[in-house]
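Enquirer: As given, the protein sequences belong to chains A and B, one line each in that order. Read in numbering that gives the first Met the number 0, the first sequence has 5 at position 6, and its numbers run on one by one without any break. Read in numbering that gives the first Met the number 0, the second sequence has 385 at position 386, and its numbers run on one by one without any break.
Among the clues, some could well be false.
Once the Cα atoms are required to be at most 25 Å apart in a straight line, the calculated DSS-like pairs of lysine-lysine come out as [stated by the list, open to error]: (1) K158/B to K99/A; (2) K160/B to K77/B; (3) K99/A to K10/A; (4) K160/B to K99/A; (5) K94/A to K10/A; (6) K68/A to K10/A.
The following residues of chain A were derived to be distant from chain B, with all beta-carbon distances above 10 Å [as the list claims (entries may be wrong)]: (7) E27; (8) V36; (9) A46; (10) V58; (11) D81; (12) R103.
Keep in mind the hints are simulated off the structure, nothing from the lab. Virtual Cβ for every residue (Gly too), placed ideally from N, Cα, C.
Listed below are the residues making up each chain.
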Amino acid sequence: MRYLVSVIDDKSNPGSTDRQPAISAFNERLIAEGYWVFAGGLADTDAATVIDNRGEQAVFSDGPFVESKEYLAGVWVWEAPDLDVALELATEASKVCDRKVEVRPFQ
Amino acid sequence: MSDVEEAITRAHHEEWVRVVASLTRRFGDLDIAEEAAAEAFATAVGRWPTGGVPPNPGAWLTTTANRRAIDRIRRENKRDDKHKEAQMVYDHDPPEPVGAIDDDRLRLIFTCCHPALALQTRVALTLRMVGGLTVPEIARAFLVQETAMERRITRAKAKIKAACIPYRVPAAQDLPARVSGVLAVLYLVFNEGYLATGPGTDPLRHGLTAEAIRLTRLIRALMPDDGEVAGLLALMLLTEARGTARVSASGELVPLAEQDRGAWDAALIAEGHRLVRQRLAAAAAGAAPGRYQILAAINAVHTSARDIRDTDWSQALALYDQLVRLDPSPIIALNRAIAVAELDGPQVALAAVDRLADALAGYHAYHATRADLLRRLGHSQQSRAAYDKAIELAGNTAETAYLTRRRDQLR
Numbered sequence: 000m001r002y003l004v005s006v007i008d009d010k011s012n013p014g015s016t017d018r019q020p021a022i023s024a025f026n027e028r029l030i031a032e033g034y035w036v037f038a039g040g041l042a043d044t045d046a047a048t049v050i051d052n053r054g055e056q057a058v059f060s061d062g063p064f065v066e067s068k069e070y071l072a073g074v075w076v077w078e079a080p081d082l083d084v085a086l087e088l089a090t091e092a093s094k095v096c097d098r099k100v101e102v103r104p105f106q
Numbered sequence: 000m001s002d003v004e005e006a007i008t009r010a011h012h013e014e015w016v017r018v019v020a021s022l023t024r025r026f027g028d029l030d031i032a033e034e035a036a037a038e039a040f041a042t043a044v045g046r047w048p049t050g051g052v053p054p055n056p057g058a059w060l061t062t063t064a065n066r067r068a069i070d071r072i073r074r075e076n077k078r079d080d081k082h083k084e085a086q087m088v089y090d091h092d093p094p095e096p097v098g099a100i101d102d103d104r105l106r107l108i109f110t111c112c113h114p115a116l117a118l119q120t121r122v123a124l125t126l127r128m129v130g131g132l133t134v135p136e137i138a139r140a141f142l143v144q145e146t147a148m149e150r151r152i153t154r155a156k157a158k159i160k161a162a163c164i165p166y167r168v169p170a171a172q173d174l175p176a177r178v179s180g181v182l183a184v185l186y187l188v189f190n191e192g193y194l195a196t197g198p199g200t201d202p203l204r205h206g207l208t209a210e211a212i213r214l215t216r217l218i219r220a221l222m223p224d225d226g227e228v229a230g231l232l233a234l235m236l237l238t239e240a241r242g243t244a245r246v247s248a249s250g251e252l253v254p255l256a257e258q259d260r261g262a263w264d265a266a267l268i269a270e271g272h273r274l275v276r277q278r279l280a281a282a283a284a285g286a287a288p289g290r291y292q293i294l295a296a297i298n299a300v301h302t303s304a305r306d307i308r309d310t311d312w313s314q315a316l317a318l319y320d321q322l323v324r325l326d327p328s329p330i331i332a333l334n335r336a337i338a339v340a341e342l343d344g345p346q347v348a349l350a351a352v353d354r355l356a357d358a359l360a361g362y363h364a365y366h367a368t369r370a371d372l373l374r375r376l377g378h379s380q381q382s383r384a385a386y387d388k389a390i391e392l393a394g395n396t397a398e399t400a401y402l403t404r405r406r407d408q409l410r
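Given only the sequences and the hints, what does the whole structure look like? Please build it.
Expert: Given below as structure tokens:
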């Protein structure tokens, strides 16, 4: 089963910025143990552009699709046998990156 | 009740969870297992009165449910060739020996009480899948609309499937936390029966307390070496034993001190005391007791006293001290203060209770306890105000009636 693990940061109470070495070490372990599929940190939400081409012509708008205090700061994709394994890794991941994480299965 | 009806009721109590658990293992799908089990019981209700009760009702129900499940899967496959049922992860390795036996029913309980589900959802799912209560019954139990309850259960089953919540007994290192999650669900069901909330319900709902006890007995049979399971069962039995004495003929809550102790259920008390003695022996041998075991021991102090005046309050207080070290919650501190009042007087107890003001301002028992202590100290006016607040916050009809009378007796 594949899981999307979203890293959630909070603009008014951001997590610490010195986590990169710990995250890298954690990623090495995910790779070694066969859980790692993908990982990436995201640029600031200000850098986002929303495109809506459902109508006659495409409309571009500047900024994220929803303005909120909490926002997506990065993602992992993991391959894990079941939710228990994913939750155990996610518990560790939250500590490692000093942010909340959301675990959501792919269809 | 006719013999056949009795046989069906008995089969439902004894076999429902077995049928659901074995079908879940076989088909890897809670929804199919639940529906097929329900259909098998409906078939029994239709056939047994005329065809007779089969010699082995459990086997009959399992076979019938299996056929129904296969029919449904065939139907769905025919409708959509590409349709492939996602299967729940079934762990073929038996769990490590920690006193737990490998049993599908235990897997089912742990799946229904998985921490990734909200507590209310765990309660509903456990009552449906393990307890065999119908959705309307569960909806009534928690004063929720049937459609809302149906949605809650459907969503839970969908999440278990989509997120791959496994069908297994947790690993040894996770077991204590996961068992405590299961016990929290059962204790919540019990408490809702014992001190039912809501203006439209009976103050005591025996159906819910009985169901909680039945499920706790089941878990005890499956995990006989777990001290907290034994502790929770003892706690429920010793509480349930006082149930009939707890509400007066006029529907008023009767506090412990005023209860007719002759009306307590001696058999339940004897069973509860036996369990408490076992746990005390285990504690003497070095096993650290958890909160349910300590709460059961406190209840045993009360049920051992023939009269309120015979209560061994210092023993009760020693147990509360032990409990406070384990669980420093303000509710435990409030209950401890009640024992303090008996030993050191209401003045000392009131000082302890007042320290909890910030944490418990919204809790009716805090105000009721204060009201009682102030009354005993002769502070009628303050006591009245505290009773008013307690009445405003209390959700149980019998308790409201009791508090109102007490307030009105103040001079």
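Enquirer: With reference to the structure, classify each hint as holding or not holding.
Expert: Here is what the structure says about each hint:
1. At most 25 Å may separate the alpha-carbon atoms for a hinted pair to count; K158/B and K99/A meet this at roughly 21 Å.
2. A distance of roughly 22 Å separates the Cα atoms of K160/B and K77/B; the hinted pair therefore holds under the 25 Å criterion.
3. Among the hinted pairs, K99/A with K10/A is consistent with the structure: their alpha-carbon atoms are about 13 Å apart, no more than 25 Å.
4. Proximity of K160/B to K99/A is assessed by CA-CA distance (about 24 Å); at most 25 Å being required, the pair is judged to hold.
5. This hinted pair checks out: K94/A and K10/A have alpha carbons roughly 18 Å apart, not beyond 25 Å.
6. A distance of roughly 5 Å separates the Cα atoms of K68/A and K10/A; the hinted pair therefore holds under the 25 Å criterion.
7. Non-interface status of E27/A relative to chain B is upheld: no Cβ of that chain comes within 10 Å, the nearest being about 24 Å off.
8. Listed as a non-interface residue, V36/A keeps its Cβ farther than 10 Å from every Cβ of chain B; the least gap is roughly 15 Å.
9. Even its closest Cβ contact with chain B, about 31 Å, leaves A46/A beyond 10 Å, as expected for a residue assigned away from the interface.
10. The beta carbon of V58/A is kept farther than 10 Å from every beta carbon of chain B, the shortest such distance being approximately 33 Å.
11. Consistency note on D81/A: stated as away from chain B, yet its beta-carbon is not over 10 Å from all of that chain's, at 4 Å minimum.
12. Chain B draws R103/A into its interface by the beta-carbon criterion, the shortest separation being 8 Å against a cut-off of 10 Å.
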